[in-house]
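Next come the chains, spelled out residue by residue.
2 protein chains.
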Amino acid sequence: MSLTERQHPFDVATQLTRNSETFHGHTSEKYNNMVGPFGGITAATLLRAVIEHPERQGDPVSLTINYAAPVSDGPFTIKANPARTNRSTQHWFIELYQKEKIVITGTAVLASRRHTLSSTEALFPEVPSAADSKRLSTDDMPSWAQNYSIKIIEGLPLQLSQTNTEETADSVTIQWIQDEPRRSMDFLSLTAICDAFFPRIYVRRKEMVPIGTVSLTVYFHADSEMLTHQGDKAVLAHARALQFHDGFFDQTGEIWSPEGKLLATTSQFVYYKA
Amino acid sequence: MSLTERQHPFDVATQLTRNSETFHGHTSEKYNNMVGPFGGITAATLLRAVIEHPERQGDPVSLTINYAAPVSDGPFTIKANPARTNRSTQHWFIELYQKEKIVITGTAVLASRRHTLSSTEALFPEVPSAADSKRLSTDDMPSWAQNYSIKIIEGLPLQLSQTNTEETADSVTIQWIQDEPRRSMDFLSLTAICDAFFPRIYVRRKEMVPIGTVSLTVYFHADSEMLTHQGDKAVLAHARALQFHDGFFDQTGEIWSPEGKLLATTSQFVYYKA
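Heads up: the protein sequence lines correspond to chains A and B, in order. The first sequence begins at 0 in numbering that gives the first Met the number 0 and counts up by one. The second sequence begins at 0 in numbering that gives the first Met the number 0 and counts up by one.
Derived by calculation from the structure, the hints in this document are not laboratory data. Computed from a predicted structure; not experimentally measured. Even for Gly, the Cβ is constructed at its ideal location relative to N, Cα and C. It cannot be assumed that every hint is accurate.
[What the hints assert, rightly or not] Label pairs and their computed distance ranges (CB to CB):
#1 A:Val34 x B:Glu28: 48 to 56 Å
#2 B:Arg113 x A:Gly57: 40 to 48 Å
#3 A:Glu125 x B:Ala168: 16 to 24 Å
#4 A:Gln6 x B:Glu28: 52 to 60 Å
#5 A:Lys98 x B:Ser87: 18 to 26 Å
#6 A:Val208 x B:Asn85: 15 to 23 Å
#7 A:Glu153 x B:Arg113: 27 to 35 Å
#8 B:Pro69 x A:Gly57: 13 to 21 Å
#9 B:Gln56 x A:Pro69: 14 to 22 Å
#10 A:Glu125 x B:Arg5: 57 to 65 Å
#11 A:Thr119 x B:Phe123: 22 to 30 Å
#12 B:Glu224 x A:Thr21: 40 to 48 Å
Produce the entire structure from the sequences given, and follow the hints as far as they go.
Following this line, the structure appears as structure tokens:
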């Protein structure tokens, strides 16, 4: 059995080899979306270049990934440039290239965290436990969705909500989600899960239209200690859109541990054709 | 009377001169914060470099600005690099330098918009009109605040809320805000207003602690036509924090026209010492 066969598909999909100033990777069929790879795996791969960079200091605090063009199936190159290193924070530019053209741009902020007085204002949604919730069949969905166990409590996309063929009143989704097969959570899988909501417009409109995330931002509230404690349990993911307007809609979301700890907040802006 | 004397202080503060590949500007005392300039004026200045770049195509859709180090009073240099230009979108890297060190990093996405079916899910808050609201005295505040008329409906910072010396239950702020002297809104002033909330921790805790925005993201729902219609009227700005944890808190916000049109959504992640 080769090393690759023993690795989790997520680790294979985000795997990079470093060659002095650049990292080299390859898209993974297992994380394909309708066109090109799932945006969450791409974001995780760019963050992985930062985390594996020899000059990296601290853990991720903030990440923004901009999808400038579709990623083609095949090899890609990532450049992660430490733009500024301070005593306790570090700022990065990140670029993904294919055939010498930039396909993805991004920035990341890393920091050394200290424990402080903390307070959570957001409320953990009232939901049945993951164990008491029914797993969504992803058989007819793009391959990336097969790598997750998704249990939607509210806000099913498209025709999955048979009881409501009208446009629904809002685009809120609450779902339990975890890697399948199970995998202990780290900053990379948390990043991907921030992008693993079905597009808000499919919750709202119940019909397919072309869409594409333009920009994704993740704020990491969790440190590595909290992620270790999270392990491979399901997280509760909550998202909504505030407005669909002239070809773009927003999405904001929260990712919670089952014990009610807020692990990440996230936002994205998405192009749609309607 | 010189040209500068006739210009609005906002236009003076964000003014740039281009020298082939770089833009040169200078901090403005009028937009000073406690340490260095107000983050909103810095973000607007980086966006201005993109907008004034000869290769610019389309209007701003998404902007992320990362504050890597304090901006020092004095001159600065901005490089805006078009990373990828597509038929209807354009992706940018932006950097602000002082003394050859990177101080700010950022990315922007521009697009040519089309009118589509639109829908707003967020609700315009129930508030008195700007005309019926009382202007906050900013006399004891840093100079940037003197350039705004701010009328706080809910969520006063610090000791300003005399009726409540305990920590308040949440950190929501709703405020009317407009440039003072008046100025017709554009993408630059909208960007600055996205950062013109007093820090959430001052609303929540009623005491001063050192803070600094790490990363700011703005999604522009408005196109230039909507901004022209907005003119110099006050906008309603609504913000909250979801969690304060181990030295960082998030803020999400919405900027509304008085007619209830959502002009922008915004998020930021902020360092605090407590």
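Thr119 of chain A versus Phe123 of chain B beta-carbon gap, inside 22 to 30 Å or not = Given range 22 to 30 Å: holds, Cβ gap about 27 Å.
With respect to the beta-carbon atoms only, verify the hint that Glu125 of chain A and Ala168 of chain B lie 16 to 24 Å apart.
-> holds (19 Å)
Does the Cβ-Cβ separation between Val34 of chain A and Glu28 of chain B fall within 48 to 56 Å?
-> Roughly 50 Å apart at Cβ, these two residues keep to the hinted range, so it holds.
Given the hint of 52 to 60 Å, check if Gln6 of chain A and Glu28 of chain B actually sit that far apart at their C-beta atoms.
-> holds (57 Å)
Outcome for the supplied range 40 to 48 Å, where the beta carbon pair is Glu224 of chain B and Thr21 of chain A = holds (43 Å)
Assessment of proposed distance window 40 to 48 Å (beta carbons of Arg113 of chain B, Gly57 of chain A) | Holds - the Cβ-Cβ distance for Arg113 of chain B and Gly57 of chain A, about 42 Å, lies within 40 to 48 Å.
Would you say the C-beta atoms of Glu125 of chain A and Arg5 of chain B sit inside 57 to 65 Å of each other?
-> holds (58 Å)
State, for the Cβ atoms of Val208 of chain A and Asn85 of chain B, whether the hinted interval 15 to 23 Å holds or is violated.
-> At roughly 19 Å between Cβ atoms, Asn85 of chain B and Val208 of chain A fall inside 15 to 23 Å, so the hint holds.
C-beta pair Lys98 of chain A, Ser87 of chain B: status relative to the range 18 to 26 Å that was hinted | holds (21 Å)
Supplied distance hint 27 to 35 Å, evaluated on CB atoms of Glu153 of chain A and Arg113 of chain B = holds (31 Å)
Lying within 14 to 22 Å: is that true of the beta-carbon distance Gln56 of chain B to Pro69 of chain A?
-> Roughly 19 Å apart at Cβ, these two residues keep to the hinted range, so it holds.
Could you say whether the range 13 to 21 Å given as a hint is met by the Cβ separation of Pro69 of chain B and Gly57 of chain A?
-> holds (19 Å)
Going down the numbered hints, you'll see the structure goes against none, and every one checks out.
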